[in-house]
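Q: Chain order of the listed sequences is A and B. For the first sequence, our numbering assigns the number 415 to the initial residue and increments by one for each residue that follows. For the second sequence, our numbering assigns the number 415 to the initial residue and increments by one for each residue that follows.
Fair warning: there could be bad hints in the mix.
[As the list claims (entries may be wrong)] Covered by chain B, per the in silico footprint, the following chain A stretches (three or more residues, Cβ under 8 Å):
{"id": "1", "stretch": "456–462"}
{"id": "2", "stretch": "558–570"}
{"id": "3", "stretch": "666–676"}
[To be verified] To give an idea of the chain A side of the interface with chain B (calculated C-beta under 7 Å), a few residues:
{"id": "4", "residue": "ALA434"}
{"id": "5", "residue": "VAL518"}
{"id": "6", "residue": "PHE535"}
{"id": "7", "residue": "VAL541"}
{"id": "8", "residue": "LEU542"}
{"id": "9", "residue": "ASP545"}
{"id": "10", "residue": "ARG550"}
{"id": "11", "residue": "PHE552"}
If you are wondering where the hints come from, they were derived from the structure by calculation, not from laboratory data. Backbone N, C-alpha and C fix where the C-beta goes; we use that ideal spot for every residue, glycine too.
2 protein chains.
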Amino acid sequence: MGVAIGPSLANPSPAEHPDALNTLVTLLEADLAACNRTIVARMDSPVTLIPQLAAHIVAAGGKRLRPLLTLAAARLCGYSGERHVKLAACVEFIHTATLLHDDVVDESLLRRGLASANAVFGNQASVLVGDFLFARAFQLMVEDGSLMVLAILSRAAATIAEGEVLQLVTQNDLSTPEERYLEVIRGKTAALFAAACEVGAVVAERSAAEAAALSAFGMNLGIAFQLVDDALDYGADQAVLGKTVGDDFREGKITLPVLVAYQAGTTVERDFWQRTIGASEQSTADLDRALGLMERRGAIRTTLERARGFATAAKAALEAFPDSALRCALLDVADYTVSRAR
Amino acid sequence: MGVAIGPSLANPSPAEHPDALNTLVTLLEADLAACNRTIVARMDSPVTLIPQLAAHIVAAGGKRLRPLLTLAAARLCGYSGERHVKLAACVEFIHTATLLHDDVVDESLLRRGLASANAVFGNQASVLVGDFLFARAFQLMVEDGSLMVLAILSRAAATIAEGEVLQLVTQNDLSTPEERYLEVIRGKTAALFAAACEVGAVVAERSAAEAAALSAFGMNLGIAFQLVDDALDYGADQAVLGKTVGDDFREGKITLPVLVAYQAGTTVERDFWQRTIGASEQSTADLDRALGLMERRGAIRTTLERARGFATAAKAALEAFPDSALRCALLDVADYTVSRAR
């Protein structure tokens, strides 16, 4: 059946990755190429709309950060086989499935700077192709045959859904405690980062302590990553972010920048946040006003400081591993996660 | 955490099932009660919206037909353990997840005679809780620990999604061949019936031939079941159907009654179908006209005849098993599948 796949998917090139990811991509070039081949081969279906829609999002220039973590973790643990390639593809399928469902949930029109799949193919197809990719991920894991891997990734999948539902519940609710917001991002984002890393240790048959260290690296990295994403939503220009700036504001999403600005705000400022985020009553000038209030209350700076803290914790988790080029590259990724917010 | 569950979920009673299912439910009463307890216990989450929404659909008086098939298949194979209970719960979770996503896809307002979950809780929550239940199903399978069961149900999950996408692609397309329609219903409905039955044979560690026989029973039963559903959508009153009559018509869904009426129709009749189904241009009187044309072309009768053929094939697949009360009850279920269309 097949579907035309551009060169970017079939032959990933380091040049397409942000500078700070270059070293990691170069070190894992053969693994990543194999992973991309697996992704293309296994997203196929006789129902041609499935590979068409999947290619739209899988080929849309994602950084492959999560599968790279699986590949890197396995190699860091001295693994010399091929199982990690298929499992990295599983991780990307689960991630892609959640993106497809997220965009339906958020009614987003942009994803990675391109029209989102739901905007092009409709919500119905996005929900169903997400389901397909999710099921296909489990088929790949079954082929791999490790119940431990299946346990890690099925738990992560349930945790992601819990985080997403919790995010829905906290929407528009400015009384959300910061700890609850962290629970949301641990679930919706960091759980898969953690699982992606842990799976690498598991295929290498390393000790539980090393698997836990890699899981902690991924968890902290994922939290830092999402914190920066939430800061960028109020700070970056559209080209950097690859999605519409102010999306979170318009959706009334409760993120740390909003919580900081709200909690530190005067009564008048709080009234503004209650109207725009709490009651979703917004006019066109409100986003600029929101950005101004965030600047005044140091909301972005505080969010990025928090992110730096988690990135530092991520790096500390790698101390258990001997020095190597791969370990250095992973430490750089932790730094990049924060430094991409310029 | 927990959520208040009505007596119908905690203590399923045979009286709530259609007459023809009574015997099966009575024979499996203890198993079904255990399965329902597992469902309630394992749909729980600290994110309370999840069990609330799940209870809305899980407790909404479903027949539990698919988990009953798993329980029955295992016992028919002489299984005396407890694993089938958890796997029957998996099957119901997968089914429930697809229902939640279906209702979002179809924008249905009714499900089993009650307001659908998306109508009460919104599309976003329905998508995400569906994802949660799907992930939870895989967690339960991992706890069970059989890679063969995981293979059967992950393949079924992928096939369901393929069937649903194919249905989306054929929507409004009156040139859809009957074989393609059958492919849709094999995927979206019958694959899970087949897998539910096959899993029962697998836990009982029976021969591949017996597993294949039970899978064939489920597959044919599922096709018959969906054919009758598609007939009922144009024939039953709302109380029997538990959903809005004419839903398929309004959605431009390509089902056998429509294909038969279209293919046997005059030019004028075909124009009617092209306008109402092909171009989705409908006025309020069109459903009655559609029902009249179906009556004239014997579309419902033909559909039910086809269903009877598959029900007969389902029953034939059970010939490999010695006579028993349970086997009789399963044969009756095949008959009931067709006879519920009165």
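Q: Evaluate each hint against the coordinates.
A: Results for each hint:
no. : hint    : in the structure
1   : 456–462 : holds (count 3)
2   : 558–570 : holds (count 6)
3   : 666–676 : violated (count 0)
4   : ALA434  : violated, 32 Å
5   : VAL518  : holds, 6 Å
6   : PHE535  : violated, 9 Å
7   : VAL541  : holds, 5 Å
8   : LEU542  : holds, 5 Å
9   : ASP545  : holds, 4 Å
10  : ARG550  : holds, 5 Å
11  : PHE552  : holds, 4 Å
Figure legend: structure checked against the earlier numbered hints; hints not met, in rising order: 3, 4 and 6.
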